[in-house]
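Given next are the chains, with one letter for each unit.
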Amino acid sequence: MSESMDLLEIRNLSLSFGSVRALSDVSLHVKAGEITAIVGDNGAGKSTIVRCVAGVHRPDEGDIVFDGQVVNFVRPDQARVAGIETVHQNLALVEDLTVWQNLFLNREISHGVGPVRFLQKKEMRKRARDMVAKLAVNVPSVTSTVRRLSGGQRQAVAICRAAGFSSKLVIMDEPTAALGVQETRRVEELIERLRSEGHAVLLISHNFDQVMRLSDQVWVMRAGKCVAGRRARDTTAQEIVGLITGAIAA
Amino acid sequence: MTATESVGERVRVTLTRPTFWVEWASVVGLVLLVVLFTALDSTFLSAGNIRGMLLASAILTILVVGQAFVILTAGIDLSVASVMTFAAVMFGLAMTHGYGILLSCLVAFCAGAAVGLLNGVLVAKGRITDFIVTLGALSAASGTALILSDGKPITVISAPLFELSAGSVGVVPYTFMIALLIAVLAHVVLFKTKFGTHVLATGGSVEAAQATGIRTTRIKIAVYAISGSLAGIAAILLVARVGSAEPAANMTFLLNSVAAVVLGGVSLFGGKGSIKGPIFGALLLTALSNGLTLLGVSQFYQPLAVGVVVVGAAFLTRFDK
Ligand SMILES: Nc1ncnc2c1ncn2[C@@H]1O[C@H](COP(=O)(O)OP(=O)(O)O)[C@@H](O)[C@H]1O
Ligand SMILES: [Mg+2]
Chain Y
0 MSESMDLLEI
10 RNLSLSFGSV
20 RALSDVSLHV
30 KAGEITAIVG
40 DNGAGKSTIV
50 RCVAGVHRPD
60 EGDIVFDGQV
70 VNFVRPDQAR
80 VAGIETVHQN
90 LALVEDLTVW
100 QNLFLNREIS
110 HGVGPVRFLQ
120 KKEMRKRARD
130 MVAKLAVNVP
140 SVTSTVRRLS
150 GGQRQAVAIC
160 RAAGFSSKLV
170 IMDEPTAALG
180 VQETRRVEEL
190 IERLRSEGHA
200 VLLISHNFDQ
210 VMRLSDQVWV
220 MRAGKCVAGR
230 RARDTTAQEI
240 VGLITGAIAA
Chain F
0 MTATESVGER
10 VRVTLTRPTF
20 WVEWASVVGL
30 VLLVVLFTAL
40 DSTFLSAGNI
50 RGMLLASAIL
60 TILVVGQAFV
70 ILTAGIDLSV
80 ASVMTFAAVM
90 FGLAMTHGYG
100 ILLSCLVAFC
110 AGAAVGLLNG
120 VLVAKGRITD
130 FIVTLGALSA
140 ASGTALILSD
150 GKPITVISAP
160 LFELSAGSVG
170 VVPYTFMIAL
180 LIAVLAHVVL
190 FKTKFGTHVL
200 ATGGSVEAAQ
210 ATGIRTTRIK
220 IAVYAISGSL
230 AGIAAILLVA
240 RVGSAEPAAN
250 MTFLLNSVAA
260 VVLGGVSLFG
270 GKGSIKGPIF
280 GALLLTALSN
290 GLTLLGVSQF
300 YQPLAVGVVV
310 VGAAFLTRFD
320 K
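So the sequence lines, in the order shown, correspond to chains Y and F. In case it helps, numbering that gives the first Met the number 0 puts the first sequence at residues 0 to 249. In case it helps, numbering that gives the first Met the number 0 puts the second sequence at residues 0 to 320.
No lab work stands behind these hints: they were computed from the structure. Please read these numbers as outputs of a predicted model, since none were measured by experiment. Among the hints, a few may not be true.
Here are some of the chain Y residues that sit facing chain F, going by a computed Cβ distance under 7 Å [to be verified]:
#1 VAL93
#2 LEU104
#3 ASN105
#4 ILE108
#5 GLY113
#6 PHE164
Calculated pairs, BS3-like style, for lysine-lysine (alpha carbon to alpha carbon, straight line, at most 25 Å) [unchecked claim]:
#7 Y/LYS120 with F/LYS191
#8 Y/LYS167 with Y/LYS125
#9 Y/LYS133 with Y/LYS167
#10 F/LYS191 with Y/LYS125
#11 Y/LYS121 with Y/LYS133
#12 Y/LYS30 with Y/LYS167
#13 F/LYS191 with F/LYS275
#14 F/LYS275 with Y/LYS120
#15 Y/LYS224 with Y/LYS30
#16 Y/LYS120 with Y/LYS133
#17 Y/LYS121 with F/LYS124
#18 Y/LYS121 with F/LYS191
By construction, the Cβ of each residue, glycine as well, lies at the ideal position given by its N, Cα and C atoms.
Next up, chain F with everything else stripped away, as it sits in the complex (with noise of 0.2 Å):
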């Protein structure tokens, strides 16, 4: 057997592995998706719509940070993108307020964190489907943006939050700086961590987990206290973004959070994914909706776009039980 043989051997059987494609689904589409676009329009691979995609792709890059952490323990949380949305609007408030950057960014924070971690109470103690309750923190949280807000836009000036939206090194720009290091942070803290663990073995068999005394309902608490917390920060760089505190409903973020998650190969049943493929899967779907818009495709046709990647994903993975 020649060196050649056994690598061409090798590769066949990670190919034909059920779960590789699961794993590497979205890796590989955001390769097709690349290759495609620039067969199509030679600017996609431009520096600067390289920049604008991972500039746009912050935002949701973050909340699928904290999507995969509940899908991973075989909840969900539908509520993140009006979290974000009843953060921002708090953070427009504290700055309007003369709060400072430094002090709104922390109410961002804790306005995040505060829903998250009722919504943990509700589903992990309070015994309620995560189903509704997100649901209800859905409708809760953009209602009391609206109100807060008296339905108007917060307009935020601020020198320390447009160089953050501005910013960049190379075609890094900051914003997806921090992105990434939340997602280093994530992957570190699901597999390296006693709690990353636990989060896994909560998704995978509550009952197993509790038989060798992990308190699920504390991880339960705390992974939606997590989504909460970084739906928070997202927040912070949606105002910077925009300029403005927003009360309006943000609902192609929450269905690409979850499509992002799905893509990325983490299992709806909990106990099984990554975070490398739900970020993947954050990139894919903004790869895409930025290249159907270069080639001047309407964007009414993008949510569809992403409903047929998202179900020929699911079908290309459904044989992972």
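Same shape as in the complex, but just chain Y (with noise of 0.2 Å):
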């Protein structure tokens, strides 16, 4: 497999928050089984896109087509269903709720009849210990509660229950942004690692090291646009932060 398919495609997307225009005409593609990565100054609307991809957000104008198919997500579980799993960057996990619950949040294993569903809490705990367990993540016990990990730990369960449930698309909003040295490398791992297991994911960051390092595919963004793409072995750090920048002209 030489070139893979464009497993999501984004055209034309646009969208204003009043009078801030967040996306204006925004094309991208990320490929199957490949890491894509967007960067770009802080405001420059890498989250706009995530949040619209992840049916947080509905554009303005402009079509999201992922696997194939047109779709227009209305609430995040759409677009869960349909294979999208996001790591928000204020990461979307309930303090207070445990490792365990928020792995399961709204995918809770439940039994019953009609809108009255009884939590199978066993069979949620084991296989959040094996979900826990396959992405060899350091989480001290799926039952403490999120409070008490390390925000390390924490990314960690994010990426966990985004990996978990057989998604297609991994995406990633700054995931090392808050974490030290350690902890950024054993997210990026953790990266690495979906991809092995044939995740697509689409990664935002603000580390260029870490975007050469890890990516496939690089999509600079400039004040709402998508000012350039480039293979990540075809380009240099120093041309992406021109690009992002306005110093170098895409």
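Using the supplied hints, reconstruct the complex from the two chains, each of which is provided in its own coordinate frame.
In structure tokens:
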């Protein structure tokens, strides 16, 4: 498989928040089995792209094509059902719930009739342990509350949730921004493991070094526009920096 | 290391864990009060007095369960007591119009549920602050109760109702059993069902809950509807106890419902707490006012005592964030 097909294609996406034009005419694509990075300054619109694909925001214009179909997600669970899992910049974990409760949030294994759903806690705890073990995540126990975890452990839980449930695309919005050196390395290992397990990864990052090391494809955003796309092996960190600041014309 | 040492160590660790006091404040407080009042007056723990306390705590317990659900989503329901008054008047009117006991109970329940639902829709969809919505509902429900009853108590005479308020098994009154049943159901709903987890998630972090696709507006509407429905059930017990449906405001019930939930270790920021904690909080407040009455302390001192206890408990548990 030399040139894999596009798993996600974003076509001419635009979105405004009142007078702020957060995205204007953004087009980019993500190939299956690859790590694709989006880089850009603060406020460039990276998180907004992520939230459109994840079903949090609805774009004003443009199409999102996922797995060969135009999708119109109105709610995040629809994106999840389609196979898109997102690790948001703010993690989207509930601090006072346990690790396993967070892993299964709105995906609870339950039995019952109609709207009365009784939780199968034992089963969820067991599967949560498996999920954590599979990614070799260093979480103390799936029964501890997220509040007690370090930044890196929280990130690991969030990634673990995204990687589970046989998702096709895992989106990560600045997963290592708040982490120390050790924790960053562990998360990077996790990201590479996701790719080797067949997930496509869309990585938002500020760390050029990281982007150049991990990714196959890099998209550059500036002021709400996607100004350039490069294969990682055909570009350099200097060129990317130039594209971000606008010193190099796309 | 001997066994006793390890037990002692474990006790020490447990007692110094800040969350221990948050979770158990109401139980410890209740035990302390019982010891204190029993020392001061030996009739405090007599069968008759225990029965009296359980009887007195039934209505508050039911309101507290509803309040706990709302506060767990980081909201507040200031209208519980007024909704109960409104539902009581509706119940009284239904009875005097010859609807019969069962249908009248249904009327009370639906009246409470309807106001609760309205509260929920206004808070969740109308995006008006819970505080303002339920404050408005407090006033509107009391006002409607006054209008419908023309400001006068509606006498309700009903044999089954009398039986409900007077009957008991041993020291446990029927009304308290109903309250306990509701509490157990609430506990199961909160901790054993998907809905319960979503309530906790919504209270813990609306953003996080929404990101997983939880429909937080529905959850919010549901908790206010639960609170209103329980106020409707409490109204039936209130009418049974008083023998009439009175349009008078029951502000003490409102204050005590919030106080019990806070005493019970439920975070006002939402997402964290239990049902049993607030129930013990309700028992504590009931024991407090019962004990003070028993000791011949003037009624006027009771709100003061409640205030001191609540702020004291908040002080004890302030380390918990
Ligand atoms: N919910 C929102 N409401 C209003 N403005 C927003 C919202 N989300 C993002 N923005 C604005 O959109 C622009 C892009 O933001 P964002 O996508 O978060 O940037 P990035 O993630 O690249 O730093 C910024 O100007 C930001 O202020
Ligand atoms: Mg961002």
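Here's how the hints hold up against the structure:
1. Interface hint status for Y/VAL93: upheld, as the beta-carbon distance to the closest one in chain F is roughly 4 Å, under 7 Å.
2. For Y/LEU104, the interface hint holds, since its Cβ comes within 7 Å of a Cβ in chain F; the closest pair sits about 5 Å apart.
3. A cut of 7 Å between beta carbons decides the hint on Y/ASN105: the least distance to chain F is about 4 Å, and the hint holds.
4. At about 9 Å, the closest approach between the beta carbon of Y/ILE108 and any beta carbon in chain F exceeds 7 Å, and the interface hint on this residue is violated.
5. For Y/GLY113, the shortest C-beta to C-beta distance to chain F is roughly 12 Å, which exceeds 7 Å, and the interface hint is violated.
6. This hint is violated: Y/PHE164 has a C-beta 11 Å from the nearest C-beta of chain F, more than the 7 Å allowed.
7. A hinted pair counts as satisfied when its Cα atoms are at most 25 Å apart, and Y/LYS120 with F/LYS191 qualifies at roughly 8 Å.
8. For the given pair, Y/LYS167 sits about 23 Å from Y/LYS125 by alpha-carbon distance, which is consistent with the 25 Å threshold.
9. Proximity of Y/LYS133 to Y/LYS167 is assessed by CA-CA distance (about 17 Å); at most 25 Å being required, the pair is judged to hold.
10. Restraint check for F/LYS191 and Y/LYS125: the C-alpha separation of about 17 Å stays at or below 25 Å, so the hint holds.
11. Taking the CA atoms of Y/LYS121 and Y/LYS133, the gap is about 18 Å. The hint holds against a cut of 25 Å.
12. As the CA atoms of Y/LYS30 and Y/LYS167 are separated by approximately 11 Å, the hinted pair is consistent with the 25 Å bound.
13. In summary, the hint linking F/LYS191 to F/LYS275 is supported, as the alpha carbons are separated by about 14 Å, within the 25 Å threshold.
14. Proposed proximity of F/LYS275 and Y/LYS120 is supported: the alpha carbons are some 20 Å apart, at most 25 Å.
15. Taken as a hint, the Y/LYS224 and Y/LYS30 pair is honoured in the structure, with Cα atoms around 20 Å apart against an allowance of 25 Å.
16. Among the hinted pairs, Y/LYS120 with Y/LYS133 is consistent with the structure: their alpha-carbon atoms are about 20 Å apart, no more than 25 Å.
17. Under the criterion of a C-alpha separation no larger than 25 Å, the hint pairing Y/LYS121 with F/LYS124 is inconsistent with the structure, at around 36 Å.
18. A distance of roughly 12 Å separates the Cα atoms of Y/LYS121 and F/LYS191; the hinted pair therefore holds under the 25 Å criterion.
Of the numbered hints given earlier, the model fails hints 4, 5, 6 and 17; all others are met.
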